[in-house]
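Asker: So the chains spell out like this:
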Amino acid sequence: EAGVAQSPRYKIIEKRQSVAFWCNPISGHATLYWYQQILGQGPKLLIQFQNNGVVDDSQLPKDRFSAERLKGVDSTLKIQPAKLEDSAVYLCASTTGLDGGNTIYFGEGSWLTVV
Amino acid sequence: DAKTTQPPSMDCAEGRAANLPCNHSTISGNEYVYWYRQIHSQGPQYIIHGLKNNETNEMASLIITEDRKSSTLILPHATLRDTAVYYCIVRAILTGGGNKLTFGTGTQLKVEL
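Protein sequence lines correspond, in order, to chains A and B.
Residues 56 to 170, numbered by my numbering, are exactly what the first sequence covers, in order.
Residues 168 to 280, numbered by my numbering, are exactly what the second sequence covers, in order.
FYI, nobody ran anything at the bench for these hints, they're computed from the structure.
A hint or two may mislead.
Unchecked claim - Label pairs and their calculated CB-CB ranges:
#1 Gln212/B x Lys138/A: 37 to 43 Å
#2 Asn106/A x Lys219/B: 27 to 33 Å
#3 Ser113/A x Asn197/B: 16 to 22 Å
In this text the structure is predicted, and so the values were computed from the model without any measurement.
We treat Cβ as the ideally placed atom computed from N, Cα and C, and that holds for glycine.
Construct all of the structure, not just a fragment, from the sequences and the given hints.
Answerer: Okay, here's the thing in structure tokens:
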């Protein structure tokens, strides 16, 4: 079974530029998450989707971050304009549904460096 | 969200069992305990999860106390490749119907020869 796919794997941009990350969850997984992991810290949830609807985006900095999952399958996370403190790994994760016993699987992450 | 408390670091000799403790005293009755590990530059890898009963799979065993306020992850025969940061997480149920994993800082396990 294919895992959670993310791209690009690495990205370096200058501050105030924009960047987009793409995620394709495991086939059939209705729930999709985006996490941000700053070096030396645990991942922090940014946004959670159930199919094409947002379940929780309370920790998403909406002035610069946006995410969409228009067809309920793959998803895009965008940052515009980027700040130095956005340098982090952006992790996508997915699971079959909202039941607490359904395992959440993570992708390898997209590494962002803002200079 | 129910908070978890883990020791920041632990050492283990290769071939021996690694026992990683976790406290989650504010866990609610319908919240699961999950364990993930993360090796540098990789995404978190699922290990095991449980609700009330002890669980075992090909990677590890999870022992949850009867009052559910703490748990222990057991790697029965640790190898050098088990060196990683291990996260104990209580899967929180959101008021809007969703749920999420809230990561702490985890335990850095170092397996040595």
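Asker: What are the numbers of the hints that this structure violates, sorted from low to high?
Answerer: 1
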